[in-house]
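Given chain A's structure and the hints, the job is docking chains B, C, D and E onto it.
Chains as they are written, first to last, in my numbering: chain A, 1 to 474; chain B, 1 to 587; chain C, 1 to 111; chain D, 1 to 312; chain E, 1 to 494.
FYI, nobody ran anything at the bench for these hints, they're computed from the structure.
Errors might be hidden in some of the hints.
To be verified - One-sided excerpt, in silico: chain B residues whose CB lies under 10 Å from chain A:
| id | residue |
| --- | --- |
| 1 | V417 |
| 2 | V420 |
| 3 | P421 |
| 4 | K425 |
| 5 | D555 |
| 6 | Q563 |
| 7 | H566 |
| 8 | L573 |
| 9 | F574 |
| 10 | F578 |
| 11 | Y580 |
| 12 | L581 |
Even for Gly, the Cβ is constructed at its ideal location relative to N, Cα and C.
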Amino acid sequence: MSPTAWMAWPVILPLLGAVLALLVGRKGVRVVAGVASVATFTASAVLTWEVATRGVLRQAIGGWGPPLGIEWRADGLAVLMLLTIGVVGPLISVHALDHLGDREDREFLPLWLFVWCALNALVLSADAFNLYVTLELVTLASVALIAVRRDRPGLDAGLRYLLFALPGSLLYLLGVALLYGLYSALDLGLLGQRITPGPVAWVAAGVMTLGLCLKTPLFPLHVWLPPTYTGAPTPVTALLSALISKGSYYVLLRLWLEVFTPILDWQVGQFLGVLGAAAVLWGSLLALSQSQLKRVVAYSSVAQIGYMFLLFPMATLGARTGAVYLVVSHAAAKASMFVAVGNIHQAVGITELGGVQGLAYRMPFTFLAMALGGISLIGMPPSGGFIAKWILLEESIWTGQWWWGLVLLLGGLLASAYVFRILRGSFLPLPPGVTVRSIPLGNELAPLALALIALVLGLVPWFPLELLAVGTAR
Amino acid sequence: MSPFEVAQLPVIAALGVPCVLLLAVVVPGWRGWAMRLAPWAALPTVGLALASGAPVHWKSILLGMRLYAPDEVTRTFLLFTGVLWSLSGLFAGGYLRESPHRASFWGFFLSTLVGNVGAVLAQDIASFYLFFALMTFCAYGLVVHERTSEAARAGRVYLVMALLGEALLLAAFFLIAGTSIDLPLREVPRVVAESRHRDLISVLVLVGFGVKVGVVPLHLWLPLAHPVAPTPASAVLSGSIIKVGVLGWLRFLPLGHASLGGVGGVWATLGLVSAFYGVAVGLTQRQAKSVLAYSSVSQMGFLTLAVGLALGAPEAAPALVVAVLVYATHHSLAKGLLFLGAGVLPATGRGGWRGVVVLVGLAWAALEIAGAPLTSGAWAKLTLKSAESAAHAAESLPTWLSVAAVGSTLIMARFLVCIVPGASKEGKPGWGVLLLSWLLLLVADTVVFLRPPVGAEELPELVVAKNVVSAAWPVLLGVSLSAVALASRRWRAWRVPELPPGDLLWFVERLVHPVWAFMTREVDEEEPGPEEETWGDRLLGRFARLRSTLLHEADDGEANLRQLSHVGLALLLFLGVFLYLVTRPPG
Amino acid sequence: MNPWAVYALSGVAMFSVGLVGLFSHEHPVKRILASNIAGSGVLLVLVALARREPTGAPDPVPHALVLTGIVVSVSATALGVALARRIARIDATAKAESTGASDPEAGGGSA
Amino acid sequence: MTAALLDACLALCLPLLAWLVLRTESLSQSVVLFVAMGLLSALAWARLDAPDISLVEAAVGTGLTGALLMHTLSWTDERPPDVAARARHRPWAVVAMAALTGMLGWAVLSLPSDDPGLTREVDAHLAESGVEHPVTAVLLNYRGYDTLLEIAVLLVAVLGARAVNPRSERTTPEPSRDPLTGELFRMMTPALLLVAGYLVWVGEHGPGGAFQAGAILAGGGVVALLTTRLGTPRMSSWRVRWALLTGPLLFIGAAVAPLFSGRALLEYREAQAGTVIFVVELALTVSIAMVLWMFFPGMRPARAERSGKEPS
Amino acid sequence: MNTWLPLAVLLSSLLPGLVIFLLAEEQRVLRTTLNLTAAGTKLLFTAAMAWGVFRGRHYETRLPFLPKADLVLRADTFSLLFIILSAVLWFVTTIYAVGYLEGTPHRSRFFGFFSLCVASTMGIAMAGNLVTFFLFYEMLTLSTYPLVIHRGTPEALRAGNVYLRYTLSGATLLLAGVALLYTLAGSVEFTEGGALDGVVGHSVELTVAFALLIGGLAVKAALVPLHGWLPVAMVAPAPVSALLHAVAVVKAGAFGITRVIYDVFGVYRVHDLGVLHPLAVVAAVTILYGSLRALQQGDLKRRLAYSTVSQVAYIVVGVSIFGTVSTIGGLVHLVHQGLMKITLFFCAGNLAEELHVHRVAELRGVGRRMPLTMAAFTIGALGMIGIPPVAGFITKWYLGIGALEAREPWLVGVLLLSTLLNAGYFLPILYTAWFQAPVEPWAPRRSRRWEVGPALLLPTVATAVLSLAAGVFAGADLSPLGWTKLITEREFRP
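The shape of chain A in the complex, shown without the other chains (with noise of 0.2 Å):
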């Protein structure tokens, strides 16, 4: 098989392992979907492999050319995203097997592929109309995986989660008519060569960034991220802030380094700053507001996206790197502190902070997993959230716009305040009367595997780093 060949396969084998689980009914699920989750791990190695030997990697799907067909192209940021999907979410659907029941079970599984072929696709391709049908696969997706349990909190959440998805989506496909109707040609690529500044490329631009600020969230559009997060089972939230949001960020940032660079000047990045920054503020401040763990936790997810808007002011190939790297290492740091609050959830049946007292002796693992993946949201040196932060600063001062460096560095307080007022408590005494529910091992390991990640991305970053550059050259 030829290289490029290679790019298929992440996106087939979790499809194809979805309908074969759901063929198997109810016994094989869980071989079936181990099977395509190893298999669909491996192409993505592969492929990893392929482009940081061989360098950008282009298919056009079914032989066509680009303005007629579709076709992938497989950089190094699409590369570490898929590497970073294909690490996180088998991780997370781990701890899920034994965090949901086993009806859950037969269900999550098939989804969770579903989703993972949306996400490959989606980090794979590089035309506009596919990349709605995959934001629109996972979307509906994520939908059915947060009402998974039937409760009444899950179906709100699926519920407010859908009818917020669907307008971004739709604002999307508007902004993908406007520019078919213009350019008549859907590819990324083409569209970026012949994109020249006019009403049409405003109103697409500008209508297509709501939509995905939308999906994202942004901040003053972030208001159903906490109840979803709330409402949905742990391991299903884990998923949608560590990387279904991931997602539409990753579409906003192909669209602006890509398509829009041209017609969009010096304010509008500012504009998204600025919301970025209030994101930052507003997120961390809320989570410090909050007594019960995963919302303080969600709304930190609201924070740390703020980081992430922080690219676009500075629209440096310095700060790309840099926020992409925040995407990777939050992926990790928040997938093992939501997982972890599901262990303590399950094992302590307490929601509040209080849950986490005694946490540090009943259940090392999960309060180290709790503490590296705290330590990289602040920010800390031996942690990925260090490394982007510190890319990052250094882009905000050698752009000149330092203030951006200022809302990282006030950032990094705020979310050590809320993080050590997590951790603080599970140095405290057991609560009386609290009886800890032992949970199986493999729960245990699961955030300490994700928390290690987030640790090792801060200490061995310079492979990332070099990936990264990947397909930059142009």
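Then chains B, C, D and E, alone, in the frame of chain A:
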């Protein structure tokens, strides 16, 4: 340089023996025999004084420790220090047989001895400061030995003044040392003479060591410390510890290298004032030991006078230095005799042959201090007068000295009046060792007078009639005056007002105490009191209130943001602002 | 104006109505309807673009996109409706239990 | 002239109708209006020479969705409309709509008016695509990958809808006592199957295809559900699963095959392109029919006496 | 040989730390042996490295990290000064901690974080560039926080809060400074005489960067406005306050300031920027403020804490005076203060552990009951006051002379005043301990020979002897003073 040549052995022994004994006393196991050997700790110093050692230079100790230089000053000081310490040690052996804190006394006794001997031997600034500090702090242990409240107060005053003195000395040493870290003492006078801060250094050295010597405004601790300290301790304190101050002057002042007229003049007058002030206040004292203390203050006044003159007239400096050495030796041994005598008399009692011997000895020592002809006192005063005349000081100086001599006689008489009637007829058991050590000191005093390590050429002068007369009339006048005073006192018509020891101290204490109380105001509170409202805590309080209101605002903000219509509005605004910014011409 | 612009404008209008409707009604079914309307609005714009050239066959690509769009919006609507129905069922049974009516079987309850 | 009048009137009615759907208070009324709007939009597609779309819109967009909504209405109770809130919002809503239409309209109107788009490229490669009808060519060959993902979307939707509906809810339908519907269904079924078959076949070279046929079949299925003892297809029976999943499996197989012979994903050989597309389309029709049919949860549980209100 | 040794020194406390985390609470013997062997191996490695550096060999481990900044661990003479101090004191404190925490819960967690903390101190010492320094600087905060709140009581948590608030805002300042410098100068490797030769002009940015760096480091070095956390953190158990707040944490700040002044900016450039003098003034104010506040503290450990605040400022003052002699004074005080202060904290720990005595007023006559502990305390106290022969005198001597050499006579006044203040708050303690009779007789000794557990007493005496030896044998080559002279000779020639 091999660790040590044979010639250096005595120097090492002089310091080493007391150190070893000190360690032995500290370790409970060896405490027994160590305390028995302790009195002989100072013998190696006497041996070193008589024989001669070789300079020692240990580069790796402290900042390059240098010990022993074969000059007059060191030899003289070693002699009288060694003699006084060993005999006081012997005396203490008997004196303290039954007192409870013997171990701690011997510990502090030996460590002060090490400090004293070390200070004399030290040949570089850092080592000198080391031994000087060691002596000062361990002498504190001797002063508060009795553990009474007066002892505590005396100790506190002594320590505070000593610390202030040492701070000034430290500043002086910094100025002297300059860039060369370990400067041998030999070059110090020359360096000081040539340095930019010559006058500042001289003043600092004069005042710094002045605290130890007891020059008038700085003497406040002396009359407090002597009465409370055990007798051998006060003997050593007055005899040799005070003399280290003088040693400091001789080592660090640019005597003979530069002439500081102004400073010298002031210091000389201060010396004279001390002489008279000591006598005046001494006469008002009731306790024998405080009288002796004030007598020391006045005697030291003479030395201060000599040093002041030496500063003023560099050409006369060598003669004055010799005079100072002679006077110091005389005063150390004579004052030792008086102090130990004050301790021996109650033990042996006034009656019997023992009483007579002690009384005669005390009278002889008193005469020596008063400067009676043919005594070491006369010899010391003679060398002083001849040196001062060489320094062509003010003509009226010799007369002043004679008047001061009268004062000395008066204060000696005062001492005898205090000590003799007080003692009981028959003494107390265990007087043997005390009497032996006192007699040995008497013998040593006369031997040193006859075979002086320095200033021997003045001896023949003593016999010259003119000098005998000039030495005799002040003593006679003093004796007659005291006889008259004694007689008049019998009719109780006239009582001498009693000044508390440490005279000016009560005034200084009024000043210092409130400041100290303010600075340590919260120490005594039982629990750490309300967390003191530092500006930091107020800030934190305000910060916490701000934080909670901010969080509530955020919650409300989030609640109304969550309303659907507001989200719709946000969408519309987002698009509107985006389009406005995009369509606006850049810049 | 030529016909396609009229339809495109009406598509845009439908989209606006749908979008604003989506954010001004609380009832889930109403909001699902609004999202459907917005969806068909966008699709109308797309199809109108295909017909800009008066003669000859219209541009097939937007047609294919619209076809996919319709299928996607139908699946979204179906999922939304299913969720809304389920929530309504739970509320109905909860209300029934709270008013004392014995409704043993209906209590689906959360698994 | 009349065509322009028709277009103008249609273009005006659609947004108005939409606004009406959302403004009416009662749900059932809005659903009915929604169905009407769907039909009108089908007419609009026809006017814009998009027969495929109008067919799908009519069958799926309006028919099935309308039925689904009607069905759901019977379950959800009328939530008391808070008229006050609605009143307060209305002026703002109108302003917002106007602003939004203005902004988007400004962009739409500045699009070039006679842009052929990709018509020429599609016609140029039509020969190699193995089908004559350009829309089917785009749908299943040029942008076949979109359709593959779209099938995944359908599967996810049905999985989500079924998962949310617990088995205990599904009821065993008892035959409706009304003879008319029974007879109607028995007459209609053969015609239905014929039309569906024709549509799949005609897709090769005319408007039609898997989606339209699937929708028709699903319509039949729903009628069967409402009228006869035929219960809703349950995922637990293997027959339903196989019917549902053969389409996607075949499509994936067809997509992956070229990979092993050095060609890109979904790159059929020119020769067999036509046949492959037809086979895949056939299987997809069955799957789509199953999916659309399974969206229906079946009758309301007869036994549960709903408190008070009889189903309207 | 010379590439893996620095890493070995670092890992010799990092790995055991991680292993100890996994040990169960009951495996006391295994944990203690692991601890001690780790401390022993570290001492060996440090000695080997010191010998190598003494011979002039060059040690450096370079790992790829960020595009413009590698992870560099380099052992030069100056870093070795801090490493030797930490290695020795860690060995001693481990013994002390094992004894002190006998029977208390969560010891595996304690010793785990304890080893991590020392590992980060080693990292700080050996950091070859600013980013590595910052990395370990932050790890130090992370590993010390759990130790401060080890007891889990509400006060401990409140102390932890204050500690975090200070250190994290300090770290933010430091990060800003480091980032600013990196954008100005490309990469900032610690090089003798300053690493900013490439940067011409930018004096405003450089001053801002300097202010940020020093602001960040001043928090850990507890300079006046930012010292609030130190007295509050005294609520931690004795070994924590001994090693961390007297040696590791506080010295990291001072060490950092020295690195910034000498190896990042270079003394000449800092002097030209004119920022050296304000720093000296702040340090001088800290010296006096620390001593004044110490006078008012009734609690023994809080008094020692404020004394630490003032003593560390000596280092900063020594380093920020433009001259070799004062630099020597500042650097040697890094070691001397460590030795003396750890002795004092050990004594405080012994008193608290054996007689449950916390306030100075309760110390009446304790000299009789615990003579060896109080003897050690006396040596430490005299050293703090600066009385020869204890080590403190050497520092004061060099600082005094250095101040005069650099024409800053006001500093001599500060030194003397602080000497008197030190005497003011240490001598009363000695007086009450030795010369006052206890109100009611002390509890009798538990074991005949030891006044307090041997594991507690021997380290105390050992550090006391060390601080005495550092003073007495200051002239020797291998003494701290000798090593500091070597440093100034090789690295800090202004």
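How about P421/B: closest beta carbon in chain A under 10 Å, or not? violated (77 Å)
Could you check if V420/B really has its C-beta closer than 10 Å to a C-beta on chain A? violated (77 Å)
For the hint on V417/B, does the least C-beta distance to chain A fall short of 10 Å? violated (77 Å)
Please verify that hint: Q563/B, Cβ, nearest Cβ of chain A, below 10 Å or not. holds (8 Å)
Let's test the interface hint: is any C-beta of chain A closer than 10 Å to that of L581/B? Status holds, d = 4 Å.
Just to be careful: measuring from the Cβ of D555/B to every Cβ in chain A, is the smallest value less than 10 Å? holds (6 Å)
Given Y580/B was flagged as interface, is its beta-carbon under 10 Å from a beta-carbon of chain A? For Y580/B, the interface hint holds, since the closest Cβ of chain A sits about 9 Å away, which is under 10 Å.
Is the hint on F574/B kept, meaning its closest Cβ partner in chain A is under 10 Å away? holds (5 Å)
With 10 Å as the cut and Cβ atoms as the points, is F578/B at the interface with chain A? Given a least distance of 4 Å, the restraint on F578/B holds.
Report holds or violated for the interface hint on H566/B, using the least CB-CB distance to chain A and a cut-off of 10 Å. holds (8 Å)
So, K425/B near chain A? Judge it on the closest CB pair being under 10 Å. Since chain A brings no Cβ nearer than about 78 Å to K425/B, farther than 10 Å, the hint is violated.
For the restraint on L573/B, tell me whether the closest CB of chain A is nearer than 10 Å. OK, holds: L573/B within 10 Å of chain A, min 8 Å.
The structure shown violates the earlier hints numbered 1, 2, 3, 4.
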